[in-house]
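**Student:** Listed below are the residues making up each chain.
There are 2 protein chains.
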Amino acid sequence: MSGIDILGFCAAFCTTISFLPQAIKVIRSRDTSSLSLAMYSIFTIGVSLWLAYGLYKQDLAMIIANIITLVLATIILATKIVNDVMVKRNNPAQ
Amino acid sequence: MSGIDILGFCAAFCTTISFLPQAIKVIRSRDTSSLSLAMYSIFTIGVSLWLAYGLYKQDLAMIIANIITLVLATIILATKIVNDVMVKRNNPAQ
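The listed protein sequences derive, respectively, from chains H and W. At position 2 of the first sequence the residue is numbered 2 (the UniProt record's numbering), and the sequence of numbers has no breaks. At position 73 of the second sequence the residue is numbered 73 (the UniProt record's numbering), and the sequence of numbers has no breaks.
Calculated directly from the structure, the hints in this document are not laboratory data. Glycine residues also receive a C-beta, built at the ideal position from the N, C-alpha and C atoms. Be aware that one or more of the hints could be misleading.
Claimed, not checked - Subject to a maximum C-alpha distance of 30 Å in a straight line, what follows is the list of computed DSS-like cross-link-like pairs (lysine-lysine):
hint, chain 1, residue 1, chain 2, residue 2
1, H, K80, W, K57
2, W, K80, W, K25
3, H, K88, W, K57
4, H, K88, H, K25
5, H, K80, W, K80
Stated by the list, open to error - For the chain H half of the interface with chain W, some residues (derived, Cβ under 8 Å), not all of them:
hint, residue
6, F19
7, S29
8, A38
9, W50
10, Y53
11, Y56
12, Q58
13, N91
14, P92
As the list claims (entries may be wrong) - Residues from chain W that face chain H, not an exhaustive set, calculated with beta carbons under 8 Å:
hint, residue
15, A11
16, Q22
17, S36
18, L55
19, Q58
20, A61
21, M86
22, N90
23, P92
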């Protein structure tokens with residue numbers, strides 16, 4: 001494994017695993033007030049497209065990294081949607 | 001441009017631009033309470049490593065995408081750090 005391969009691995013590891021503390025925080029606190037619904041919607045679509053790209057290219061590292069990110073982003077997005085729907089139900093004027 | 005190239009472009013566009021609505025939300029509301037400091041710290045490091053990787057590989061698309069993401073992630077991270085420092089100053093017992 002060359003130096004540039006290690007750099008790429010570290011980059012992929014960081015951007016993939018970074019969503020874990022956000023997912024844990026969301027699960028624990030149930031607070032998603034300052035999270036952007038648009039961000040997690042567009043991001044989840046983007047990661048799904050990256051996964052499709054990785055599957056087409058048969059790139060195992062890309063497939064695994066995007067499956068992990070997709071699971072974490074979906075947890076955050078689903079919690080955000082549930083919270084926003086509940087806020088609208090409780091405050092129909094909003 | 002082949003179909004798979006378009007798929008890759010759309011994936012990169014979504015995961016890059018997704019941070020724009022979050023950055024706008026943070027700038028407008030100044031609220032970062034439910035954002036994870038660990039997420040944006042690790043993510044910003046990861047994007048910096050991807051930028052270094054792109055520079056080494058002389059991949060212009062990767063360089064541009066990661067510069068945009070780095071700017072947006074840094075805005076969010078800096079606001080989060082400033083807010084957390086201010087909260088600690090106002091509530092030293094925390």
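**Student:** In ascending order, which of the hints set out earlier in this document are inconsistent with the structure?
**Tutor:** Violated: hints 1, 3, 12, 13, 14, 18, 19, 20, 21, 22 and 23.
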